[in-house]
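S.K.: The primary structure of each chain is shown beneath.
There are 2 protein chains.
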Amino acid sequence: MIGNTATLIDGKAIAADLRKDVAARAAELSDKGWSPKLVSLSVGDAAAAELYVRNQQKSAKSAGVEFEARNYPTETSLEQLTGIIQGLNADPRVNGIIIQRPLPDHIPVKTLQKLVHPLKDVEGMHPASIGNIVYNDLALGPCTAVAAVEILKTLPLDMEGLNVTVIGHSEIVGKPIAFLLMGLGATVTVCHHMTRSVAMHSRAADAVFVAVGVPGLVTGEMLKPGCAVIDIGINRVDDKTVGDADFESCSQVAGWITPVPGGVGPVTVATLMSNAVLATEMQMNHYRDAYARSEFD
Amino acid sequence: MIGNTATLIDGKAIAADLRKDVAARAAELSDKGWSPKLVSLSVGDAAAAELYVRNQQKSAKSAGVEFEARNYPTETSLEQLTGIIQGLNADPRVNGIIIQRPLPDHIPVKTLQKLVHPLKDVEGMHPASIGNIVYNDLALGPCTAVAAVEILKTLPLDMEGLNVTVIGHSEIVGKPIAFLLMGLGATVTVCHHMTRSVAMHSRAADAVFVAVGVPGLVTGEMLKPGCAVIDIGINRVDDKTVGDADFESCSQVAGWITPVPGGVGPVTVATLMSNAVLATEMQMNHYRDAYARSEFD
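These protein sequences, in sequence, are chains A and B. If you're matching positions, the first sequence starts at 1 in full-length UniProt numbering and goes up one per residue. If you're matching positions, the second sequence starts at 1 in full-length UniProt numbering and goes up one per residue.
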């Protein structure tokens, strides 16, 4: 070993490029009278989600997307929130709805996410959004999963036939990453806490995605030299933020690696804005098609 | 090699067991006034889908599910079919809608499948049905995929950590098999026509699913001794029906193998009936919940 070999993937630069592209599309939409607008809903203690909301607000501003942050009191009932979301679904001036976590215990997050109209589901959490990804349809995907795959696409690797191992099989990160990659022609293996030997699969992979929330889970010995490591973990260790990959050893074996922080995180927020613009485009086309058919649904 | 070693998996017996279970649930539903009923729609040349329809009709009869086969003339428009499906969606006496293929060229099959209400989607083709499977929710899955996984579950194998290779990544077979297996704790690799070396992945697998429509694609040398082979292919070769696995060589290496015909096929038809009963149960609960909330939606 002659020290670090991996090229650091600059998530901030990728995010900035993405926001530039989003801003151009947002301007085009505005010219047509369809200025993209997001509404963020948080319930209860505003401080818990504040950092996320502030980041999203900043990203929205630089991407030319209007952003309205609403905070409702802790005692808001599920019925009231249902009414609020239905109102936002019906409001043509609102193009995307974000449901900030954490929510108070009496509000089941999945129930709220299913209430968001699939055309306004900028977080890509609705079962129909997930199903559309499986069908390779143009669709709003879960932001973190889409961001992680977009990062891989910036590398000089041929996606067709690429051997990829995804570690972690959550519904909103690991699994959607797997379908997105399958859609691009990669050969994908999904590992998780029940996998007998993660190393057996990761060592055969040209790219490794890890999203499990265990610091240092992936080490250099588990990698094929020259591979890409996309680290989606965000863990607090001794007041430092670290990923799921042991950066020290992995960067000596991998060809590319995302830092934590500064890797997948910034691209995820930019992807939310890209979803906002995509949702607005889909809504515009939906209304046009409905008008052409002379029926509004 | 000392000749055949693989145990033949008896799809007809598994299907018969499944139908017996379905018949019991159907009888229970009937007692509650919710007798399960399927409506099959075919358009144009009835002969093309006739064999499927007849098989389904027979299976429905022995599973205690009512089955109505409708055939519409070739010149039926998309708008007319839309109206027909919306009518069936709204009819509380109809619990499941089957759209037989092939359809005439002017009828896009995906458009029709998306019109079926997710609660009546017994074929498991709606994006929301697929998404619900990804979310591990109780859901109506695509029949072939569900049947293939049910067959694996009859074998004395521990699903948790099982290494499975799925060959073929179609939206309605390969991909749903992958999520269903992930939901059971298996470590899943999905291969397809762009995969560099299918053998590398299949040789590491405790179970191999193949669904690509290429006779003899999987041979004995590609298997780990003692593995399970679930063959979903249905191909006509020299007036014989064969699968995607080369039965001769595979059965000398595998521990279990499904025959074609007589493997996945019969279980698929029985799964359609099991979906009919599940759909009826879901609809009954949906109406009950709506009644409890004093709102009908």
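A couple of the hints might just be wrong.
[As the list claims (entries may be wrong)] Listing some non-contacts, in silico: residues in chain A with all C-beta distances to chain B over 10 Å:
(1) E50
(2) V53
(3) K110
(4) H126
(5) A128
(6) N136
(7) D137
(8) L138
(9) K175
(10) P176
(11) C191
(12) M284
[Said to hold, decoys possible] Short, incomplete list of chain B residues facing chain A, as computed with Cβ under 10 Å:
(13) T76
(14) S77
(15) H126
No wet-lab data here; the hints were simulated from the structure. C-beta atoms are modelled at their ideal positions from N, C-alpha and C, and glycine is treated no differently.
S.K.: All hints are to be evaluated individually against the structure, with a verdict given for each.
M.R.: Each hint tested on the structure:
1. Annotated as non-interface, A:E50 keeps its C-beta farther than 10 Å from every C-beta of chain B; the closest such distance is 29 Å.
2. At the 10 Å boundary, the C-beta of A:V53 stays outside the reach of chain B, the nearest C-beta of that chain being 26 Å off.
3. Residue-level check failed: A:K110 sits 8 Å from the nearest beta carbon of chain B, not beyond 10 Å.
4. At the 10 Å boundary, the C-beta of A:H126 falls inside the reach of chain B, the nearest C-beta of that chain being 7 Å off.
5. Residue placement check: A:A128 does not keep its beta carbon more than 10 Å from all beta carbons of chain B (closest about 4 Å).
6. With a least CB separation of 7 Å from chain B, A:N136 falls inside the 10 Å interface cut-off, contrary to its annotation.
7. Not every Cβ of chain B is farther than 10 Å from the Cβ of A:D137; the closest lies at roughly 7 Å, contradicting the non-interface assignment.
8. For A:L138, the condition that its CB be more than 10 Å from all CB atoms of chain B holds, with the nearest at approximately 12 Å.
9. For A:K175, the shortest C-beta to C-beta distance to chain B comes to about 6 Å, within the 10 Å cut-off, and the non-interface label is violated.
10. Its beta-carbon lying about 8 Å from the closest one in chain B, A:P176 breaks the requirement of being farther than 10 Å from that chain.
11. Consistency note on A:C191: stated as away from chain B, yet its beta-carbon is not over 10 Å from all of that chain's, at 5 Å minimum.
12. Its beta-carbon lying about 20 Å from the closest one in chain B, A:M284 satisfies the requirement of being farther than 10 Å from that chain.
13. For B:T76, the interface hint is violated, since its Cβ never comes within 10 Å of a Cβ in chain A; the closest pair sits about 18 Å apart.
14. About 13 Å separates the beta-carbon of B:S77 from the nearest beta-carbon of chain A, more than 10 Å, and the hint is not met.
15. Hint status for B:H126 relative to chain A: holds, with the closest Cβ pair at about 7 Å, below 10 Å.
Checked against the numbered hints given earlier, the structure breaks hints 3, 4, 5, 6, 7, 9, 10, 11, 13 and 14 and satisfies all the rest.
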